[in-house]
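Asker: First to last, the protein sequences are chains A and B.
At position 202 of the first sequence (counting the first as 1) the number is 201 in numbering that gives the first Met the number 0, and the numbers step up by one without a gap.
At position 406 of the second sequence (counting the first as 1) the number is 405 in numbering that gives the first Met the number 0, and the numbers step up by one without a gap.
Treat the hints with care, since some could be wrong.
Identical copies carry no separate label here, and so any pair may be met within one copy or between two of them.
SDA-like, lysine to any residue: derived pairs with alpha carbons at most 20 Å apart [stated by the list, open to error]:
| no. | residue 1 | residue 2 |
| --- | --- | --- |
| 1 | Lys404 | Asp91 |
| 2 | Lys15 | Tyr4 |
| 3 | Lys245 | Glu10 |
| 4 | Lys245 | Phe26 |
Because the hints were derived from the structure by calculation, they are not lab data.
If you want the building blocks of each chain, they are given just below.
Protein chains: 2
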Amino acid sequence: MSDQYKFLLTEEDIPKAWYNIQADLGFDLPPLLHPQTMEPTILPPPLFCAALNEQEYSKERWIEIPEPVREIYKLWRPSPLYRARRWEKALDTPAHIYYKYEGVSPPGSHKPNTAVAQAFYAKEAGLKRLSTETGAGQWGSALAFACQLIGLDCKVYMVRVSYHQKPYRRILMENWGATIVPSPSPETPMGQAFLEQDKEHPGSLGIAISEAVFDAGTHDDTNYSLGSVLNHVLMHQTVVGLEAMKQLEMAGEYPDMVIGCIGGGSNFSGFVLPFVRDKIVEGKNTRVIAVEPTACPSLTKGLYAFDYGDAVGAAPIAKMHTLGHTFVPAPIHAGGLRYHGMAPIVCALYDRGIIEAAVVPQRAVFEAGVNFAMSEGIVPAPESAHAVRVAIDEALKCKQSGEKKVIAFNLSGHGHFDLGAYDAYHQSKLEDYEYPEEKVKEAMQHLPKVPMAA
Amino acid sequence: MSDQYKFLLTEEDIPKAWYNIQADLGFDLPPLLHPQTMEPTILPPPLFCAALNEQEYSKERWIEIPEPVREIYKLWRPSPLYRARRWEKALDTPAHIYYKYEGVSPPGSHKPNTAVAQAFYAKEAGLKRLSTETGAGQWGSALAFACQLIGLDCKVYMVRVSYHQKPYRRILMENWGATIVPSPSPETPMGQAFLEQDKEHPGSLGIAISEAVFDAGTHDDTNYSLGSVLNHVLMHQTVVGLEAMKQLEMAGEYPDMVIGCIGGGSNFSGFVLPFVRDKIVEGKNTRVIAVEPTACPSLTKGLYAFDYGDAVGAAPIAKMHTLGHTFVPAPIHAGGLRYHGMAPIVCALYDRGIIEAAVVPQRAVFEAGVNFAMSEGIVPAPESAHAVRVAIDEALKCKQSGEKKVIAFNLSGHGHFDLGAYDAYHQSKLEDYEYPEEKVKEAMQHLPKVPMAA
C-alpha cells in the first residue's frame, strides 16, 4: 500500500451526506443583517430557494446528498488523493505530502460540487433558470455545467474585460449551453446606467453581481446562485474533505496540517472542515492553515466586523474579516482570491484560534506552481498555487528540523486557462503587491453602522 | 457493478508489458527504405537509440515496461474507462457506449505514454537531450513533460505560426523546462535559409521536422523523438487498450466495435491493437474503426505505396497509405490528423480488411464534440471528437435497429487548448473541406520511385 502514488475510491465511496460544521461549533454564528433595515434576516427568498435557506441555518450534522446530485458527482468524483512522492524527493524533505486534486471535474475546479447541488434544489423548487456573475469564469463555467446536466437555463454576467481578454472560459460555458453577456449589459437598469457613462465600460465583479441579482429578482422563474462565502456553499464542498479523510486512512496517515487557499473560503472549507471537526470534537491537534494573497489579506489584516457581502452595499451584511466592501484588490492573477470579505464560518474559526492563516506574495506563488509542475506534472491554478506555496514552506521546515510531518493540501483546480499568467511569470513580468494599508484604511470608513445588538 | 459510471484500476494494474502486434500479424511488414539509396534500412542510428530500433523490428509479443517508466505512468495511469450513461440516454440509444479517457495525463493526451518511454531509453543510452518538432504543441508538450521527469533537456522546434497564435501549449512546455524555438529558426542551416526568404516565415511541420532532425544529427548528446507512425510508438501506446480491455471485463462486456481517430495512428493503435489481437488470434469479430477527416483521408483515399515519412523527402520511405508527401492538408483544427501518410501497421491491417475506416467532415465533428460535452461534461480535443462523431453515428444506427451493441472509443485528449476552434464552430465560422482530389493527384506525381523488389 505504502508505495502508492494515488489513493482512489469507488463511486460507492462518494459521501452520502454533506458535513455541516454548525452542528459542532458549540456557538452560534452571528446573524445575517438586512442591508437596509440592518435587522437579522435570512437569504433573500426571491433569490434563494427554501431548501438552500434551510441548509444555511441548519444545525443538523449530516445533510443527505440527493441521489441525482451524487449521480452527477460520479462524472468525476471521488477525486484522487495523491502522495507527492516525486516532489518530496525533489524538495529533499522527510515530510509526507498529499494533495487532493479537484481539477478532474469537467470545469476544472472544486466549484461544481456546490453548483450541481444548487442547480438541483432550484430545479426541485420549480425554477427554470439560474443567474450568476463571473470574473475570469471559474464559477460561471461550473454553474453552466451544472445547469446543463440538471436541465436549467443558465445566464452568466461576465465582467466585460474578462469576457474579451479571457475568452476560453466563456467558450467553455457556451459549450454547456449557457447564455453569457458581458457586464455591464444593456439588459438591466444598472448595466444600462454604466453603459451610458462608457459604451465599453470594463465592468467589475460588483456590477456583475448587481446585474445577476436584478435578473433573478425580476424573473419569477429565476434564482440567483453564489459560488462561495455562504454556509450552504461551504457545506456542499465538504465532499472534498470527507473523501480525503478516507483516502488518508487508506494511506495509513493522519495529517499534521491541512492547507487550502482562501478567497471566499469554499475550497479551503470543503477540504478542512471535516478535519476541524476532529479538532473540535476529538481534540486532534491538526494545524489548519488558510493561505491568502498579500494583495487581499482579509483574515490577517481585515477587521472582524459587520460588512456588506457585495461591493455596492446591496447584499446582506455579514460579520466577517473584511478589508471593507469598497476595497478593490490589486489585479493579481488569482482572480478567485480577490474578495474583500471571507466566509463567516471561516472567520469565526479564525477568530477563535481554531485555524491559522498564512499570507503569500504573487511571485512566490507562481514559483511554487512551476516547482510543483516540474515534479508532479499538473500545472496548478494560480489560486491553488497559494496552497502549494505554503506546502513547500512547511516541507522545507521539515527538512530543517528533520521532522516527518504529514502535510495535506487541496489542489482546488488546474491552471489550463491561466497559462497567460505563468507566461508573465516566466518573462519576469509579474508584480508583487504589498499589503495596501492606505486603501484598506480608506475602505474601513465605509463599513455599515450596525446596531450594537448585532 | 453494472450501474457504475467509471471503471478504475489500481496502480498495480498498469500493464507490465507493452503488446507488440508484430508477433501476431502472421506476415512481415514491408521494409523501411533509405531515402537516398532506397535500400532496406533501420531507423537512422544517429537519431534513434538502439533500444528503440530493436523494438521497432521486434517480434516478441510482450516487451517489458521498465519500472521507472511505470513509476511515471503512475502520475496519471491507469486512466479511467467511462460508461457514457448520460449520453446514451440523451441519444436515446440501446447501445452501451464506453470511452477510455486519456485526457487525464498532465499534458492532456495519450502522447506521454510513448514520450516517457522514449525519454527513458534515451537517458539509458547516455544521451542528454531530445529534439523534436511540434505543430500546435500536443506532442511537444508531452515530450517536454517526459524529459523533465526523466532528467533530459528538451528542444522543441514549434511551427512559427502556432508559436505565435497558440501560446498556451508553448507556455506549458516552458513550465516543464523545455526550450522552445519558433521554426524556421536561425539555429539550423535550413531554418536560416527559410528566414532569408522571409524574416517572419510562418513555418510548417515539414520544416520543423528538418530542423529537429538536423539538431539531433549534429549533436552527439541528442536524439530525435517522433510522436506517432513508428512501430515502437504504437506499441508504447498499447497500455491504453490493455487497460481498457481489463476495464471492459470489469463492466462485464466485450465491445462489438472499437473506434479511434487517426492522424499518424498512435492513439488509434494504442487503443485497438489488443482487440485486433483477439480478432486475429481468437477469431473475435469486433469491428475496428479508424476515423479520419475528409480533409486528409489517407486510408480511404490514399494509395498504398512507398512514400517519404516527412514532407521534404529526407526521412526514410515506408509503405503506407499516402496522399503524397508533398500534399498539404487544409487547415482543419484537428492539427494532429493532418498527416499525409499513416502508420505502416495500421495500413497493413487496413489493406487486409482487418480494420475499417470512416471519414468525417469538420463541422459534424465539432457538433459531436459539443453534443458529448453536454452530457458527459468533458470537452474533447478536435482530434478525439472524430471518434466521438462515429460513436454517435453507430449509436443512432442501434437506435434504428434496436440493437444493444457495445461501442468503445478512445477519447484521446481534452480540448482545453482548442476552445478557439469550438468558438469558431459556435459562430458558424468553421469550414468543411471536401476530399481535395486535384491536390492529391498532383502530389501523387512526386512519390519516390522505389525498386520493384521493395
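Asker: Confirm or reject each hint.
Answerer: Consistency of the hints with the structure:
no. : hint              : result
1   : Lys404 with Asp91 : within (13 Å within a copy, 52 Å between copies)
2   : Lys15 with Tyr4   : between (26 Å within a copy, 17 Å between copies)
3   : Lys245 with Glu10 : both (13 Å within a copy, 18 Å between copies)
4   : Lys245 with Phe26 : neither (28 Å within a copy, 52 Å between copies)
Consistency with the previously given hints fails for number 4 only.
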